[in-house]
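Order-wise, the sequence lines are chains G and Y.
Quick note on numbering: the numbering used here labels position 216 of the first sequence as 216, and the sequence is numbered without any gaps.
Quick note on numbering: the numbering used here labels position 183 of the second sequence as 183, and the sequence is numbered without any gaps.
Among the hints, a few may not be true.
Below, a sample of chain Y positions facing chain G; criterion: calculated Cβ distance under 8 Å [unchecked claim]:
| # | residue |
| --- | --- |
| 1 | Pro-7 |
| 2 | Phe-105 |
| 3 | Thr-110 |
| 4 | Val-111 |
| 5 | Leu-142 |
| 6 | Leu-147 |
| 7 | Arg-178 |
| 8 | Ala-182 |
| 9 | Ala-185 |
| 10 | Glu-188 |
| 11 | Leu-190 |
For the record, the hints were derived by calculation from the structure and aren't laboratory data.
Since this is a predicted model, take the numbers as computed values, not measurements.
Just so you know, even glycine gets a beta-carbon here, dropped at the ideal spot from N, CA and C.
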Amino acid sequence: MSTIDFDDVSHAFGERMVLRGIRLHLTEQRIGIVGANGSGKSTLVRLINGLIKPDRGTVTVDGLDVARNAKAVRRQVGFIFTNPDNQIVMPTVAEDVAFTLRRRGLTPIQIATRTQAALERFGLDQHADHPAHRLSGGQKQLLALAAVLVAEPAIVVADEPTTLLDARNSRRITELLLGLSQQVVVVTHQLDLLADFDRVIVIEDGQVVADDSPAAALSAYRGLLA
Amino acid sequence: MIGLYSPGHSLVHRAPMLLKLVLLSFAVLGVGLLGELWQLSLCLFAVAALFLVARIPLGAAWKQIGPILWILVVAVPLQALFAGWATAGLMAGRLLIAVALAALFTLTTTVTAVLEGSQKLLRPLRRWVDADRVGLLLALTLRCIPLVAEIVTEVIEARRARGTQGSLLALAVPVVVRSLYAADAIGEALAARGLDD
Numbered sequence: 001m002s003t004i005d006f007d008d009v010s011h012a013f014g015e016r017m018v019l020r021g022i023r024l025h026l027t028e029q030r031i032g033i034v035g036a037n038g039s040g041k042s043t044l045v046r047l048i049n050g051l052i053k054p055d056r057g058t059v060t061v062d063g064l065d066v067a068r069n070a071k072a073v074r075r076q077v078g079f080i081f082t083n084p085d086n087q088i089v090m091p092t093v094a095e096d097v098a099f100t101l102r103r104r105g106l107t108p109i110q111i112a113t114r115t116q117a118a119l120e121r122f123g124l125d126q127h128a129d130h131p132a133h134r135l136s137g138g139q140k141q142l143l144a145l146a147a148v149l150v151a152e153p154a155i156v157v158a159d160e161p162t163t164l165l166d167a168r169n170s171r172r173i174t175e176l177l178l179g180l181s182q183q184v185v186v187v188t189h190q191l192d193l194l195a196d197f198d199r200v201i202v203i204e205d206g207q208v209v210a211d212d213s214p215a216a217a218l219s220a221y222r223g224l225l226a
Numbered sequence: 001m002i003g004l005y006s007p008g009h010s011l012v013h014r015a016p017m018l019l020k021l022v023l024l025s026f027a028v029l030g031v032g033l034l035g036e037l038w039q040l041s042l043c044l045f046a047v048a049a050l051f052l053v054a055r056i057p058l059g060a061a062w063k064q065i066g067p068i069l070w071i072l073v074v075a076v077p078l079q080a081l082f083a084g085w086a087t088a089g090l091m092a093g094r095l096l097i098a099v100a101l102a103a104l105f106t107l108t109t110t111v112t113a114v115l116e117g118s119q120k121l122l123r124p125l126r127r128w129v130d131a132d133r134v135g136l137l138l139a140l141t142l143r144c145i146p147l148v149a150e151i152v153t154e155v156i157e158a159r160r161a162r163g164t165q166g167s168l169l170a171l172a173v174p175v176v177v178r179s180l181y182a183a184d185a186i187g188e189a190l191a192a193r194g195l196d197d
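Just chain G, with the same shape it has in the complex (with noise of 0.2 Å):
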């Protein structure tokens, strides 16, 4: 697995801080977080692969210092969004889990060949074709799912993937996130689905406040909430 190490990091958005002093050492295969809505749970994740820079401090994926070496890291970390919708760039199914590839200097038939086996994967190679924008909901996440796990990434990022999704859709995406071989770092509101998960960490204000087993960290959780 990778080791992502986040090395006393604050970060502010004008006044406001959203993160303080994240000391954190990063090594298991499945990690959750979890907080409120504005804890900072999104800008942590977003500091793992260079979309955020941090104010103070210093975030590294296997030694490589994100802010200094954002394109380096992103190839080895793919990020799922919250609304896939944002992330679809090319009209259509096939074509956007090929847009993915893109200056990695493959051939066309490795792209064609790699786009293929990803949509077989995800049960999306009956819409290779099809307009992405028409796909429902669960599909469009499956697509964001295939364009990024087609490039290979050694971590995969998701931040609260399945928020806008039914329970059905949820469960299953949620099942394909935790059959990976890659490391996963799942931001979520869904915490019956942290059960199977390696660590769980709980952001309230920007802080870390537990740091555990996925019962202990939602225990303290819970008892925040209360």
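Based on these hints, arrange chain Y on the given structure of chain G.
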């Protein structure tokens, strides 16, 4: 081009995009030079044959060509009135063939092929133009059309639900704000997919 591609493996589908584009351009120019109705009729048969070779479903072809027929229903009698039936027939034939050929190009060519073709065309200008960026710009423009259409639909529904149908401001402001948010989110997603370098 959004969602118009009709999947297939025919000769027309497999032909290189740039070749198709060049042939389309010459064909449209050539048709414009034809002066006899029988010549245009032959061309129409040839275009129909190309649609058959490409195995384009009738519905998909009609969606592309149908609207021009409605225009011709109005334009042909007007043209006939001022310039005679022969001229009106020539105008109708030329327009129909040009639109049908353009539709055939769109129906048998993926957006990726068009983008790659555009990038090849821009390659000689690489000192001044970043062909990759232009390709990405074209892709995003096409992608954003359904996205903005969806935003407009949602805002109209919300407007109805809140009883503010008459207000143009109640439509424009949320559409612009939401479009800007969507643009921001797409930019972030592009960066996450390693396309900000």
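Task: Hints the structure fails to honour - done: 2 and 7
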